[in-house]
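Residue numbers (this note's numbering), protein chains in the order written: chain A, 1 to 306; chain V, 1 to 306.
Read the hints as simulated data drawn from the structure, not as lab findings.
Hints are not guaranteed to be accurate.
Unchecked claim - Covered stretches of chain A (chain V as the covering partner; in silico rule of three or more C-beta atoms under 8 Å from a C-beta of chain V):
(1) 140–150
(2) 265–279
Said to hold, decoys possible - Pairwise CB distance ranges (calculated):
(3) V:Val-301 with A:Pro-239: 32 to 42 Å
(4) A:Thr-110 with V:Arg-278: 30 to 40 Å
(5) A:Ala-235 with V:Gly-134: 35 to 45 Å
(6) A:Gly-79 with V:Val-301: 43 to 53 Å
(7) A:Pro-239 with V:Pro-55: 23 to 33 Å
(8) A:Pro-116 with V:Pro-285: 32 to 42 Å
(9) A:His-88 with V:Ala-164: 51 to 61 Å
(10) A:Gly-59 with V:Ala-42: 18 to 28 Å
None of the values given here were measured: they were computed from a predicted structure.
Glycine is no exception: its CB is placed at the ideal position from the N, C-alpha and C atoms.
Protein chains: 2
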Amino acid sequence: MKHLLLAAAVASLAFPVTAQEPAPIPSPGEIAAAAPASDWTAIAPSDLLVMDLAPDARGKARRVVIQLMPAPFSQGWIGNIRKLSAAHWWDGTSINRVQDNYVVQWGDATEKKAMPEGLVMVPENAYLSQRQRGRTTWLPFTNGAYAPHHGVVAGWPVAWNVDAAWPVHCYGMVGVGRNLSPDTGTGAELYTVIGHAPRHLDRNIALVGRVISGIEHLSSLPRGTGALGFYETEAERVPIASVRIATELPEANQPRFEYLSTESDSFARYADARANRRDPFFIKPAGGADICNIPVPVRAVGEGSK
Amino acid sequence: MKHLLLAAAVASLAFPVTAQEPAPIPSPGEIAAAAPASDWTAIAPSDLLVMDLAPDARGKARRVVIQLMPAPFSQGWIGNIRKLSAAHWWDGTSINRVQDNYVVQWGDATEKKAMPEGLVMVPENAYLSQRQRGRTTWLPFTNGAYAPHHGVVAGWPVAWNVDAAWPVHCYGMVGVGRNLSPDTGTGAELYTVIGHAPRHLDRNIALVGRVISGIEHLSSLPRGTGALGFYETEAERVPIASVRIATELPEANQPRFEYLSTESDSFARYADARANRRDPFFIKPAGGADICNIPVPVRAVGEGSK
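Construct the entire structure; sequences and hints are all you get.
Below, the structure is given as structure tokens:
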């Protein structure tokens with residue numbers, strides 16, 4: 001069957017290798033899959049936000065797992081997310097907006113639901129601390145239009161210039177919806193990117209995490225026909241059954257994930273291979289890659305992640 | 001209602017403007033919408049490939065319109081597409097693959113359907129002619145990882161280096177599926193990008209056009225659960241009712257489109273605004289933009305395009 005090569009995951013190509021031929025050069029996904037266990041880092045269950053949508057039309061469960069950015073990427077306002085989850089605030093809210101090649105957004109469509117006490121206002125963006133910035137691995141082949149430097153730190157894609165460093169709006173990143181005023185977001189209204197990275201939002205909206213499992217339950221939803229892709233009727237909105245920090249779930253139902261340590265040799269080889277595809281399908285390696293085309297490999301561990 | 005700003009289309013923000021306040025700076029979509037008629041270029045109906053999928057579960061029509069790249073982007077093999085369409089070859093074939101953040105692919109799932117005569121083999125990529133390259137508008141703020149220069153020519157996004165210029169794999173671009181051998185594609189198996197631009201495919205697979213209407217009928221399909229996102233059962237595949245060049249359709253059913261001329265002053269202002277968002281929502285203009293974040297505005301004209 002004719003196919004394009006798989007972007008990031010492992011592709012079994014059924015490529016015939018005879019004794020006379022050298023082994024094909026591994027794809028980025030094969031490099032990640034072959035990484036030793038010591039190159040994988042467990043994600044703390046307390047940093048996993050588990051969003052269960054109402055089952056689909058066929059009764060199938062729809063679970064979306066979001067990895068929250070640990071401090072110092074996102075300071076006090078991750079506390080908002082934890083408070084909203086602890087208060088079961090999102091239970092009974094809905095997916096309200098699906099704009100093609102842009103974002104899926106969820107929260108309280110009525111905008112009237114009372115907030116838990118003690119929320120802080122989220123500023124327009126989270127910057128990295130000097131210390132975090134100093135630990136960043138520069139990927140020199142990623143230089144692009146949005147910043148002179150891009151790289152990764154502690155599993156997250158970041159950009160920086162002479163003044164500051166910040167996490168970037170790649171596919172699947174989760175941020176805080178806001179109004180025109182930069183401090184009108186609380187985290188109750190969240191969105192995730194389902195299209196080409198809208199990097200113009202960097203430093204204009206605070207990012208708080210990324211979808212690491214189940215994004216297809218969001219990205220394949222019908223597009224909204226209202227302005228900005230909002231659903232126009234209640235019937236179109238997708239109910240959110242519950243949102244919990246993983247540690248609040250029964251142990252057997254807790255998802256567990258690991259990411260390929262961005263400080264590991266395996267990640268360095270993976271990133272290089274993303275920028276210079278030499279596996280059998282490719283003829284001309286690009287010699288570079290957009291930071292959002294080097295997604296940090298994440299894998300599920302154990303039964304609760306299914 | 002809290003919202004992010006619309007990516008490319010026009011957003012009515014209901015932003016209050018009093019006599020004391022200056023008018024807000026227009027968004028890129030507003031600049032395009034305000035462009036004079038003379039800045040819009042009609043797309044030849046003979047360059048429109050109209051793909052009608054089977055109606056959805058609610059009986060709603062699903063039309064996808066693809067603009068074929070005119071010569072000299074894509075030489076002889078666009079003739080393959082025309083021959084396949086004229087032979088009604090795609091009628092009764094199906095959407096066979098939907099891989100999240102990557103591609104939707106369609107064609108003959110059995111791989112046994114006889115081909116029309118006279119097809120040429122498609123090489124791994126189409127390059128621009130020297131003449132076309134000389135007419136390209138450079139967008140200096142787009143420099144990125146994949147090429148030293150990016151710009152637009154005759155309505156298409158392109159990249160170039162010291163050796164050559166080529167069209168690029170942005171969201172919605174349509175290319176020719178192939179096997180490991182670079183010359184195994186005919187154009188019968190096509191794909192479109194539904195995620196972050198997979199620019200590593202540039203110069204590795206030939207592009208032949210882009211979806212200009214109805215991509216949501218492809219991007220919102222359920223993701224395939226097989227390797228590379230292929231559907232695993234016949235029941236999952238989405239039947240293609242017909243594929244026709246627009247001129248083969250009854251006149252009342254012919255879609256008509258225009259694009260914002262990439263040589264126009266309006267396009268220059270639109271592109272600058274995409275790179276430097278100064279409309280009310282934004283706080284920090286990026287100062288640059290990825291070429292795939294400057295989608296060429298396209299608009300439908302007349303009833304047949306609905």
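Note whether the CB distance of A:Gly-79 and V:Val-301 lies within 43 to 53 Å or breaks it. 51 Å, holds
So does V:Val-301 sit 32 to 42 Å from A:Pro-239, Cβ to Cβ? 39 Å, holds
Starting from the hint 32 to 42 Å, judge whether the C-beta atoms of A:Pro-116 and V:Pro-285 obey it. 35 Å, holds
CB of A:Pro-239 to CB of V:Pro-55, is that within 23 to 33 Å? 26 Å, holds
Outcome for the supplied range 30 to 40 Å, where the beta carbon pair is A:Thr-110 and V:Arg-278: 33 Å, holds
Are at least 3 residues of the region 140–150 of chain A within less than 8 Å of chain V when you compare beta carbons? holds (count 6)
Between the beta carbons of A:His-88 and V:Ala-164, is the distance compatible with 51 to 61 Å? 57 Å, holds
For the pair A:Ala-235 and V:Gly-134, does the Cβ-Cβ distance stay inside 35 to 45 Å? The hint (35 to 45 Å, Cβ to Cβ) is violated, given that A:Ala-235 and V:Gly-134 are roughly 54 Å apart.
Assuming the hint says 18 to 28 Å, is it satisfied by the Cβ distance from A:Gly-59 to V:Ala-42 or not? Cβ of A:Gly-59 to Cβ of V:Ala-42: about 48 Å, so the range 18 to 28 Å is violated.
Examine the region 265–279 of chain A for residues whose CB is less than 8 Å from any CB of chain V, and state whether their number is three or more. The restraint on the region 265–279 of chain A holds, since 3 of its residues have a Cβ under 8 Å from chain V and three suffice.
In this structure, the hints that do not hold are numbers 5 and 10, in rising order.
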